Amino acid sequence: MEMKETKRTSPNGLSNFVDIHEVPEEEEEEEEDEHECKRNKPVKAADHKEKRMSNKPMKFHEVKRQNQNFGRQVSLETGFSVLNGDKKGRKTALPRSGNSFGGFGSADRREAETRKGDFNIFRTKSSLVKQNSLLPFRKESGIDSQYNDASCGLDDSINKSVPAGRYFAALTGPELDQVKDSEDILLPKDKKWPFLLRFPIGCFGICLGLSSQAILWRALASSPATRFLQIPPIINLSIWLLALSVLVAVSITYTLKCAFYLEAVKREYFHPVRVNFFFAPSIVCMFLAIGVPPCIAPGNLHPAVWCVFMAPIVFLDLKVYGQWLSGGKRRLCKVANPSSHLSVVGNFVGAILAAKVGWMEAGKFLWAIGFAHYLVVFVTLYQRLPTSEALPKELHPVYSMFIATPAAASIAWGAIYGEFDGLARTCFFIALFLYCSLIVRINFFRGFQFSVAWWSYTFPMTTASIATIKYAEQVPCVISKGLALSLSLMSSTMVSVLFVSTLLHAFWWQTLFPNDLAIAITKRRQGGKERKPIKKAYDIRRWTKQSPLSLVSGMRKQNSEEKDGDEVEK
Amino acid sequence: MEMKETKRTSPNGLSNFVDIHEVPEEEEEEEEDEHECKRNKPVKAADHKEKRMSNKPMKFHEVKRQNQNFGRQVSLETGFSVLNGDKKGRKTALPRSGNSFGGFGSADRREAETRKGDFNIFRTKSSLVKQNSLLPFRKESGIDSQYNDASCGLDDSINKSVPAGRYFAALTGPELDQVKDSEDILLPKDKKWPFLLRFPIGCFGICLGLSSQAILWRALASSPATRFLQIPPIINLSIWLLALSVLVAVSITYTLKCAFYLEAVKREYFHPVRVNFFFAPSIVCMFLAIGVPPCIAPGNLHPAVWCVFMAPIVFLDLKVYGQWLSGGKRRLCKVANPSSHLSVVGNFVGAILAAKVGWMEAGKFLWAIGFAHYLVVFVTLYQRLPTSEALPKELHPVYSMFIATPAAASIAWGAIYGEFDGLARTCFFIALFLYCSLIVRINFFRGFQFSVAWWSYTFPMTTASIATIKYAEQVPCVISKGLALSLSLMSSTMVSVLFVSTLLHAFWWQTLFPNDLAIAITKRRQGGKERKPIKKAYDIRRWTKQSPLSLVSGMRKQNSEEKDGDEVEK
Amino acid sequence: MEMKETKRTSPNGLSNFVDIHEVPEEEEEEEEDEHECKRNKPVKAADHKEKRMSNKPMKFHEVKRQNQNFGRQVSLETGFSVLNGDKKGRKTALPRSGNSFGGFGSADRREAETRKGDFNIFRTKSSLVKQNSLLPFRKESGIDSQYNDASCGLDDSINKSVPAGRYFAALTGPELDQVKDSEDILLPKDKKWPFLLRFPIGCFGICLGLSSQAILWRALASSPATRFLQIPPIINLSIWLLALSVLVAVSITYTLKCAFYLEAVKREYFHPVRVNFFFAPSIVCMFLAIGVPPCIAPGNLHPAVWCVFMAPIVFLDLKVYGQWLSGGKRRLCKVANPSSHLSVVGNFVGAILAAKVGWMEAGKFLWAIGFAHYLVVFVTLYQRLPTSEALPKELHPVYSMFIATPAAASIAWGAIYGEFDGLARTCFFIALFLYCSLIVRINFFRGFQFSVAWWSYTFPMTTASIATIKYAEQVPCVISKGLALSLSLMSSTMVSVLFVSTLLHAFWWQTLFPNDLAIAITKRRQGGKERKPIKKAYDIRRWTKQSPLSLVSGMRKQNSEEKDGDEVEK
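Protein chains in written order, with my numbering: chain W, 2 to 571; chain X, 2 to 571; chain Z, 2 to 571.
It is worth saying that the hints were derived from the structure and are not from the lab.
The reader is advised that the hints may include incorrect statements.
Note: identical chains are not told apart, hence a pair may lie in one copy or across any two.
Unchecked claim - With a straight-line Cα cutoff of 30 Å, these simulated DSS-like cross-link-like pairs (lysine-lysine) come out: (1) K192 <-> K482; (2) K357 <-> K192; (3) K320 <-> K482; (4) K181 <-> K192; (5) K482 <-> K181; (6) K357 <-> K320; (7) K193 <-> K181; (8) K357 <-> K190; (9) K482 <-> K357; (10) K192 <-> K320; (11) K482 <-> K190; (12) K193 <-> K320; (13) K193 <-> K357; (14) K181 <-> K357.
Predicted model only: the values in this text are computed from it and were never measured.
When you get a sec, could you build the whole thing from the sequences and use the hints?
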């Protein structure tokens, strides 16, 4: 939604700087298969070919420099800093590394710079256009068409949507955030990138954790089950304000990233794990609306609030679930991972908010959508199909996501149907069992490096606590109240610990935002002088052994080359 | 059921013309695996061997004519037309192509004729028997035993149930109705086949679309939610009569096909997509019973109606679901495709009818069966397992099937449990979301060639409309009524457009029934002079790359031959 | 639980006899993957390496005897019988075969004995320790350290948890109880093993069948739906007492097995099918508590009963479901088989008992757990994924398990929520349909050899009967009562037949307990002098053809060796 807007507002300053790919088309194209593409868009297909040709110079390792001019053009573009229009962005951004302004050295050096040191490749194209519009002299020069070719090629090779398989092939770890050793990336690993480039979508997880805490403390203060605790409502208010301010800060920062590094945002959107985090901003807003302190909004909320916050969720639902169902590369059995719960839980949260604004039927609609897809995701994740690559072998914080959805479903059903009946209890108890199941494996949760994504693993605990409070309202006994209290305590402790850790990492150690390598993978694998065999994305062959005969190594090489090509087009 | 009947009534005119395979046995045999088969039926196994030997001459390309007599026998059998008993069938059938009576030319020519021009291979065996019984002189001739061998061989190679994998290997398209370029078929592609052979089971889809419209207009006329529209009941009556007459026409035609081309019908039954359409006739009958105009049947229907219409559904349920569960070749993860919804929706329609005749418990039974299998089908289709071959990459009208089942489940639950409660609403909203999900991808539905199968994609829209009317009864507000109206309008428009298209295709362009290539695939792949590596039916190896080493091509050839054999017996 | 206890009480007699692997660690280790293992336990990893080296002499066929001393040590240990402490065990055990006390012959002979004739390898380690503690002179000998090495190697190669894939690779049949022809086993096939080693966990199935009958006859005697039958309560009492006595006998025997052959028990625990039978003892206890005759326990049961019987189930739930979800080797898509229902049904039985003791909320908790996992298991089994190896092609008694879970779920829901509502009926009807589905395929159930595991296939029938009686209480009509009666009759007949068969097999033919080959598979495949291509455990390559080229057999050999290694570490 926002991405589109950003795009549309870009002035097409240079008419012959072809802005080839619009986001929505890009994405649709992926859902269609090739022949569809060929049939309906012959012109576009031709375009593709053209671009592929112009694309070559970007593959520095494979291609002998056949046309040194290209390198020069790219370097030219690169060398010039953005002159106006993004001053505000610069303020927050870290100082650029010097070598991106490479001067006019040898072509080799420039090329290496372009690839390694140039953060411009992730810039929003509109800002590139603006730069270009400031260089009118270039229009007259004879290298103009070549320049266009080169920039198209650059667009194509770097900014075109990275195939889903590529992420699985190049990245590793349960959050697909570590680059495999064998992979090369587009940006320099050894120096710090601009702040905005290092600011991942996962930062909304902080807001998730805090805003759900606001709901929890509101429930603790107001629920009949925990009234005996005499929690003052001021805690709810203060946490809510904190969550709100963090949300504002994170939103502004990420909006800046959208404005200046749209290509990086796109890459996050195409990342099989990260795409689920695009649901987070809306969920946070709804959390804040649900947990709004009574002193701020005394009566019922206006349904418009629900409409505004729900629109992105429904839009993303249609997008993401459609990809699962119709999908080629992003079919569910490939992309399913515990983060997929995040794309389901939004519906239940929306249902809770719908009950709060009084639109019960809308809530039931959302609950139904959420439930249908929760069922599919739950079964798929439990089966752990061999085609699903993103699932880590070992347990990991990401598994706490399993708790969030049934807990939210339980609260939502209770809210929209007015009673905490069999179905709501079933959902609640499923969440509780999964919680137990993770707690007894608590030692698996140690030994992982802290990252900002951890935050999103706290809100499931909070959601479970809130569901337990709702349950304790229905079944008021010592056990249920004790459970509610201890779970609330655990989740609050966890959030406090993470909050302190985050502050320490952010301001003391300044290691909160390491280079976000996951977005900088190359679109195709770039091997040595000859393209090496790429592990095919969702390849079942992982379970098959390749013939390890040394004397037919030629076969293997050839073989793997085919695989390589295969992956690219599949 | 019908197939059985037809078969049983066949007179065994010639005692030594062995009618080896009865339909039910055929099918059971598939469910068992080989060793079971060997242990329990040693006689039969021996039979098989015999047949396999006599089978050889049918593989024209692979086998050097070792026994030209066989060709002659086949041709003899072929050449004689059916002399009596099927006069009625002839009336509807198109004139036979001349070259099936080939005279007594060279063996080569005869063979080619047999294969290419002979529609008799799909004839009901009983009519062949009748032919033979009219040729008593042949009994005395010395070639009699050879004749039997040959006809057995012919039976075996053509009429024996085609393995499920073969359909996936030879056919393509979301409805598995297009033959791959590399495949050869048994009948001539370049001329028009007899009408009955070109009349697919999918024609019952027309009745599905029309009869569901009758229900819709009955609901529009009688529902309190749409009473303000003042729809006259005459519309329901006229559509109902139209649907009834179309059903009668289609049923008679298809019964004739069963009578004269039972082998073709069998092949449709073994087709992984088409088998689901065998549920259609019963569903149509139930639709007509549900949508019967009040002036025709004023009171409640008699339960006998339900029993009669439901029997085939239950029988097919046991058959088809048993294959999914116990299945070797037809296990669910292989055959699942959107049409599978058709084999599930019958249960829900049966439940609605059960509620109408007053047998609530029977309805609950059917609802439970339907729901259990809907769950499995829904999850399986959403996951899009790599083993499932039938799922097209792109979206297709066939995806509208997704809407039908939850909508019908919702109506049925409301009808049998007397209230449109949480579960019914959940099902309804799931249907609604899937509807939205398809509508936003409306451009995927363009560009497909019209075929009679399109009809079956209209009844989901109608079912959704009826469910919306039920919902609007429960939640009478502007939005729900508006939704009910617009969905009804859409479905009626769609049906009208299709009706006109069908009439135009049928009578103006006369292209409604093209050659039904899908039923004429060879049982085994028949390649050129060298057998190419065959893509194995449900082979996961699609994802694995074959070793492309040219110097070990011999290995590949051997390999593929094995695969071929493998496929046939698996 | 019990396993742990047994272990903990073992006196560490010999300090330098390193008891390397404790059961829980062993198991956890499997859940972690290798790098985790390496990181956290460097010492242990080193240990492994050491052991692997000392392990070599155990692979008799591959390795040229490089160190004959090892063989001697093993033989020494083996030769000595247990001198004290297990006298009681000896009473029930069959006399040991003579050749396990091999004296001090040639090293070769001793090695063969060790492997083939030595039942000690499955002994509880504590008893081995005891043996050793009686041989103090060995401490002084110089071969002591070597001895330790050897015994560690022995522990490692035989007693370390066999990888899940190994079971699938080496065993066949729907119960994974037959050893493939190509496999070698650790114990002699041609002579009778000690009774305890031949006593499988499946024997608790007898108790399952009998105790569920007790419930059935209690229900028949007391239900309003069948009161007209005037069943005397004495039948319930007598069956209940019989079931109780059988349970006691089986429990004592299996406890002895745990005490003396803990390693064999462990192997049963790691067996993908048998692990589900570890739920059986608790389920039997709960069955007995549910079916307790009114004359024995007139009032409500005390909740403590539920706690005691439920604890092992919850413990195993956490264990087994955790493996499914987090699993590497035991992920659900690999180990799912109809017996998995047994690990789900325990929750529903627990819910019924919870309702009986008055703890409704606990029952709802269990029902939720059970339902969530039933859903996953049901869908997974219905899909019949190609990764799931345990599923037999043909139908088999094991499929009756499908009936048990929905029937129990139905009864449980009715009991804990107090009404036999829509959900309970849905579950009940699903069970009924699956029952029908199996009955129409009744001929598939013939021709299988009787085994004690058959018993566990009777309790689903009984459960279905009880559910039908509950249903008949709600819907009292001729059909429901007739159904209840006929199903009860069928299940009782089945149990009677099996009871007689079991008695005949046990005492007349004495063939009830054949050698339990499934527990004696080697940990790694031990081929002849040339390694044949090994079918990889959960290998999808089963569907792919191996290159059958004889001239590149070297490639194959190498290939299979790699696969072998792969399987072990994966």
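Hint-by-hint comparison with the structure:
1. For a Cα distance limit of 30 Å, the shortest separation of K192 from K482 qualifies neither inside one copy, at 52 Å, nor across copies, at 61 Å.
2. For the identical chains of this complex, K357 and K192 are neighbours neither inside a copy (48 Å) nor across copies (67 Å), given an alpha-carbon limit of 30 Å.
3. With identical chains, the CA atoms of K320 and K482 are at most 30 Å apart between copies only, with a shortest distance of 27 Å across copies and 41 Å within one.
4. In this assembly of identical chains, K181 and K192 lie within 30 Å of each other by CA distance solely inside one copy; the values are 18 Å within and 54 Å between copies.
5. For a Cα distance limit of 30 Å, the shortest separation of K482 from K181 qualifies neither inside one copy, at 47 Å, nor across copies, at 56 Å.
6. With identical chains, the CA atoms of K357 and K320 are at most 30 Å apart within one copy only, with a shortest distance of 26 Å there and 39 Å across copies.
7. In this homomeric assembly, K193 and K181 come within 30 Å of each other (Cα to Cα) only inside a single copy, at 19 Å, whereas the closest approach across copies is 54 Å.
8. For a Cα distance limit of 30 Å, the shortest separation of K357 from K190 qualifies neither inside one copy, at 48 Å, nor across copies, at 64 Å.
9. Proximity of K482 to K357 under the C-alpha cut-off of 30 Å is found in both arrangements, the shortest distances being 24 Å within a copy and 24 Å between copies.
10. In this homomeric assembly, K192 and K320 never come within 30 Å of each other (Cα to Cα): the closest approach is 36 Å inside a single copy and 45 Å across copies.
11. For the identical chains of this complex, K482 and K190 are neighbours neither inside a copy (51 Å) nor across copies (59 Å), given an alpha-carbon limit of 30 Å.
12. Taking the shortest Cα distances, K193 and K320 never come within 30 Å of each other, neither inside one copy (34 Å) nor across copies (44 Å).
13. In this homomeric assembly, K193 and K357 never come within 30 Å of each other (Cα to Cα): the closest approach is 45 Å inside a single copy and 65 Å across copies.
14. With identical chains, the CA atoms of K181 and K357 are never at most 30 Å apart, being 46 Å at best within one copy and 56 Å at best between copies.
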